[in-house]
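There are 2 protein chains.
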Amino acid sequence: MEPKIIIANAIKRERERAGLSLSALANKADLAKSTLSQVESGNCNPSIETLWAVATALSIPFSFLFEHSNPKHELIRANEGDEVSSKVAHFSAVLLDKAPINRMRDIYRIHAQKGEIRDATAHPTGTIEHALVASGCMRIGPSQMQEELNAGDYYRYPGDIAHSYECLSEEATLILIMDSNA
Amino acid sequence: MEPKIIIANAIKRERERAGLSLSALANKADLAKSTLSQVESGNCNPSIETLWAVATALSIPFSFLFEHSNPKHELIRANEGDEVSSKVAHFSAVLLDKAPINRMRDIYRIHAQKGEIRDATAHPTGTIEHALVASGCMRIGPSQMQEELNAGDYYRYPGDIAHSYECLSEEATLILIMDSNA
DNA sequence: GTACAACGTTTTGTTTGACGAACAAATAAT
DNA sequence: ATTATTTGTTCGTCAAACAAAACGTTGTAC
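So the sequences go chain by chain: A and L. For what it's worth, the working numbering labels the leading residue of the first sequence as 1, then goes sequentially. For what it's worth, the working numbering labels the leading residue of the second sequence as 1, then goes sequentially.
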């Protein structure tokens with residue numbers, strides 16, 4: 001997609017999410033509202049300084065202006081996912097998630113054994129968990145969107161509501177990435 | 001720092017990393033080399049389409065143009081690492097890396113088969129790679145700090161210098177997290 | 001030595017983004 | 001109902017980004 005369209009949508013989305021009118025944002029960003037109007041309608045090629053002013057006024061990372069909104073949860077099976085170009089045939093890489101900046105990510109390696117379910121309480125609002133089963137089989141996710149994952153499966157789901165982990169095989173290894181607001 | 005300066009440096013850095021001359025890149029990006037010269041020298045306010053053309057010609061993600069390092073490397077074997085407290089005995093979690101905010105992380109799942117080595121060119125300055133082998137055996141890392149990793153092993157190393165991946169077993173699955181400056 | 005090519009910078013002209021004002025429409029206030 | 005305020009869009013002007021060519025410099029060939 002064309003960059004100007006992506007940006008146009010992104011700005012409108014972020015602006016409305018912040019509850020600001022076009023005029024108010026223009027004023028806050030020290031821009032002419034006509035400029036903002038043209039940028040948001042997608043029929044102009046904004047300069048960097050203009051976009052910088054918008055991002056600063058919205059107090060969002062600069063890169064937010066180049067991203068589409070992600071779905072809340074996404075399951076990518078071991079044999080699924082869009083492969084990233086690789087020059088060597090023996091390697092195939094799948095990009096599971098492209099992270100916005102200004103997020104904090106902790107990486108966990110979890111060993112689990114068959115047994116009782118582990119219930120996790122809700123983490124801070126906005127937390128997202130990335131689960132990737134390295135070996136074994138587990139059932140993971142919030143109560144309404146649990147998924148059974150086998151080795152290689154990737155599952156992303158909201159971590160700011162109660163969720164649980166259950167080891168279905170004798171043993172399992174789980175890579176868990178906690179993605180939370182800074 | 002001013003955005004135009006960040007971008008000016010980023011373009012020059014990426015261009016030289018790709019081994020392209022200013023003229024060559026301008027030609028490839030379908031831009032006048034005068035334009036590129038002014039953008040790189042930091043005394044102009046490039047538009048989005050111009051930057052888009054540059055990023056496309058360099059075949060780098062758009063966000064790479066906004067990045068500015070303290071690379072170190074750390075190896076945590078499958079049975080190593082400080083366990084995080086867990087209420088349920090069947091689960092043990094190891095925190096592999098606690099991320100600073102304002103970093104961007106992309107998560108990859110990589111399937112590799114025994115064969116030739118994959119050499120990766122250097123990523124932008126400050127990039128750190130987190131490699132976690134889910135299955136199989138691989139030799140990973142920059143040339144001076146390569147490590148042989150088995151299932152469960154975690155290795156963190158600088159991604160802003162040339163490094164390589166080699167699959168030692170018949171097949172292997174690798175979780176790779178690219179951690180770059182925003 | 002000259003001739004040639006490639007490099008990046010500087011100059012000049014054209015195109016276009018950003019601004020301010022005027023605009024109509026919808027909402028709020030009196 | 002009328003006035004006032006806020007909404008977002010459109011138009012004319014100006015400054016600046018972009019493109020093309022000329023420029024000085026460097027390195028190589030002959």
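Since the hints were derived computationally from the structure, they do not count as laboratory data. Just so we're clear, the structure is a prediction, and the values are computed from it rather than from any experiment. Incorrect hints may have been included.
Heads up, the list lumps identical chains together, so a pair's fine if it works in one copy or across two of them.
Unchecked claim - With a straight-line cut-off of 25 Å between C-alpha atoms, the simulated SDA-like cross-links for lysine to any residue are:
1) LYS28 - MET1
2) LYS33 - ASN45
3) LYS4 - SER59
4) LYS4 - ASN43
5) LYS33 - PRO142
6) LYS28 - GLU171
7) LYS114 - PRO124
8) LYS28 - ALA151
9) LYS114 - SER143
10) LYS4 - GLU147
11) LYS4 - ASP160
12) LYS114 - ASN45
13) LYS33 - GLU14
14) LYS114 - ALA8
Each hint tested on the structure:
1. LYS28 - MET1: Answer is between: at 20 Å across copies they meet the 25 Å cutoff, but 29 Å inside does not.
2. LYS33 - ASN45: both (15 Å within a copy, 20 Å between copies)
3. LYS4 - SER59: both (20 Å within a copy, 19 Å between copies)
4. LYS4 - ASN43: The answer is both: 8 Å in one copy and 23 Å across copies each meet 25 Å.
5. LYS33 - PRO142: neither (35 Å within a copy, 50 Å between copies)
6. LYS28 - GLU171: neither (38 Å within a copy, 52 Å between copies)
7. LYS114 - PRO124: Classified as neither; 28 Å inside a copy, 42 Å across copies.
8. LYS28 - ALA151: neither (43 Å within a copy, 42 Å between copies)
9. LYS114 - SER143: Within one copy only: 19 Å inside a chain, 40 Å across chains, cut-off 25 Å.
10. LYS4 - GLU147: neither (37 Å within a copy, 44 Å between copies)
11. LYS4 - ASP160: within (23 Å within a copy, 30 Å between copies)
12. LYS114 - ASN45: Result: close neither inside a copy nor across copies, 48 Å intra and 47 Å inter.
13. LYS33 - GLU14: Classified as within: same-chain Cα gap 16 Å, cross-chain 35 Å, threshold 25 Å.
14. LYS114 - ALA8: Intra 41 Å, inter 46 Å, cutoff 25 Å: neither.
Hints 5, 6, 7, 8, 10, 12, 14 from the list above are not met by this structure, while the remaining hints are.
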